[in-house]
Amino acid sequence: MKFLFKTDYEDDIRLFPHSGYLWTYGTLLVLIAAAPFVLSSYLISQLVFVSIYAIVGVALLILTGFTGQASLGHAAFLAIGAYTTAYLQQFGVPFPVYFLTAGLLTGIIGAIVGFPALRLHGIYLVIATISFALIVEEILARWESVTHGNEGLRVKTIQMLGTTVPRDSAGFYYLCMGVLIVVILGAINLLRSPTGRAFVAIRDSETAAKSMGINVSLYKVKSFAISAAITGLAGCLFAHKLTFISPEMFTLQLSIEFIMVILIGGAFSLHGAVLGAIFIVMVDPFLTFLKDDIPGAIANFSMLMGAGAERAAAIEKSTAAVASANGLKGAIYGFLIMAFILFEPLGLYGRWLKIKLFFQLFPLYKRATFKRQKIYVKSERNR
Amino acid sequence: MSYFRAENLSLHFGGLKAVDSVNFAMEKGEILSIIGPNGAGKSSIFNLISRLYDPTSGRLFFEDQEITHEPPYSIAKLGIARTFQNIELFENASVLNNLLVGRHRHCTSSLWQEILYMPSVRRDEKIHRHKVEQVIEFLDLEPYRDRVISGLPYGVRKVVELARALCTEPKLILLDEPSSGLNVEETTDMSFWIRDMKSELGITVLMVEHDMSLVSRVSDRVIALNYGKVLAMGQPAEVQSHPDVVAAYLGA
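Line by line, the protein sequences are chains A and B.
In case it helps, our numbering puts the first sequence at residues 1 to 383.
In case it helps, our numbering puts the second sequence at residues 1 to 252.
Incorrect hints may appear among the rest.
[Unchecked claim] Short, incomplete list of chain A residues facing chain B, as computed with Cβ under 7 Å: (1) 189; (2) 193; (3) 211; (4) 215; (5) 283; (6) 285; (7) 297.
[As the list claims (entries may be wrong)] A few chain A positions that, by computed beta-carbon distances, are all more than 10 Å from chain B: (8) 88; (9) 162; (10) 164; (11) 212; (12) 226; (13) 256.
It should be emphasised that the hints constitute simulated quantities derived from the structure, not laboratory data.
The model shown is predicted, which means the values in this text are computed figures rather than measured ones.
Here a beta-carbon is modelled for each residue, glycine too, at the ideal position from N, C-alpha and C.
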């Protein structure tokens, strides 16, 4: 086990507490850089989605994980970013400009949404954000002069520095990863500075935050704006990846997927956003695998166990029906949410920390180390 | 003019007069205790001063400035800090981060500076940390620096809350039952700290307390309250033997 001897206040501030972290993240960076040369184009495309989901995950972590304001409206923020991109492209605006405008505009709308949300807590805030998302969806479908309604909008490839960056090129992959890394670094900086601490204070006790001189309303609006702005940036990348956007892509289901990213990843650390994004994006290939390979495999297996050819064909048919049933994705999501809330509320990153501690303390790890403790009842009167 | 003053302070919830025309004034560097049976309106006065409640009528003055209509967050900026009866700490943050939140009123960096973590932010962080370390030393919290609040025992939480209030570098501190839930030894420590806050840090202390031994050990003056009204005011011994106060506690 490694013991850190702190001799300077800097030891608690720096990005990497010790050299081990530099090695870990250095290796990760090399792997990310090397991926396009090694992995298939399908996997690279999935990694692009991972990075976009992770960016939204970071945004949602800042708002929900650290400020304690739940939101089911992030698909709408993503949509605003995506539509800003598609709209501005029509006038020949260069990529860096409309990319930043997408973030800025979404941030402003996020702040506007933040204001009515000031007086709402918990489930009521969730309902308010859902209604916001529904309103945005409806506007996108009806405001045809700008959004082309349900026909949707086509998004042109990125033109930058005299070259084009097609959506399945290595260049686009690097762009998305670059944005993700910059967003994560910005978020880390924010969270280790006074604003980040104010967010955590609001999450844990608004009353105490007020009496420590924190302007709770201002910081909630800030949190909404920052979260929305980051999501807007992700929306721009999302639009370029899909090359075509229409209102039905930004439904409640997508917002739920984003919530799942942080729920499954672990809502208490930025690591959670990335781990959760990997998990959620990989559900799709897993479902394809279910549809394509599982029925045949089960049929073969039943043949092996002595079933006749006719029987095996029937089994293959019925498994295929289950594997390609409508709503299977939703069912799997629901099951995952329940399983994580029940068995691992700290998410994948929490599980990883436990595994790490197990090896650090080996053979002295106690099973009760992470047993959930009773928490003192807190007064909610002054809310 | 007095340092802190409440004029005809009232808080009515419909027909219930939680605080009823309370007048009191404090001098700079004084330790004033408010005593009274449960429901006498002690904590309500605190919530009025920290502006969590709006008074029905009456006015509050601090350093000759009226604070009756200030929003709650600017009360801390004026130099009034408080602790809570039921402990309102930031449960899932470390002791260090809790105390650094106390430094919030001295933070000046802008959002962009923080996102880029400019050298000025780094410099300020170290200054804040240094101030926090002074408070940690003052209250002997060194062993708990990196511990998360949710894993700390009650007695330590109580001290951390006091520490967080001190980190704001207050001029006036409001202590809501500082000794509730503490054992005899911890209560003795608390009484020393309250005296030291006055003598070493020059802080004016307004305190709600039930433990009479602590009250008489530390306070310069005592106010007795019942049904939102002031029963008696004066030296600790005087107030404790006042017939109305005895009647309020024991029943007449």
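Structure-based check of each hint:
{"no.": "1", "hint": "189", "in the structure": "holds (4 Å)"}
{"no.": "2", "hint": "193", "in the structure": "holds (4 Å)"}
{"no.": "3", "hint": "211", "in the structure": "holds (5 Å)"}
{"no.": "4", "hint": "215", "in the structure": "holds (5 Å)"}
{"no.": "5", "hint": "283", "in the structure": "violated (29 Å)"}
{"no.": "6", "hint": "285", "in the structure": "violated (35 Å)"}
{"no.": "7", "hint": "297", "in the structure": "violated (45 Å)"}
{"no.": "8", "hint": "88", "in the structure": "holds (24 Å)"}
{"no.": "9", "hint": "162", "in the structure": "holds (29 Å)"}
{"no.": "10", "hint": "164", "in the structure": "holds (31 Å)"}
{"no.": "11", "hint": "212", "in the structure": "violated (5 Å)"}
{"no.": "12", "hint": "226", "in the structure": "violated (8 Å)"}
{"no.": "13", "hint": "256", "in the structure": "holds (25 Å)"}
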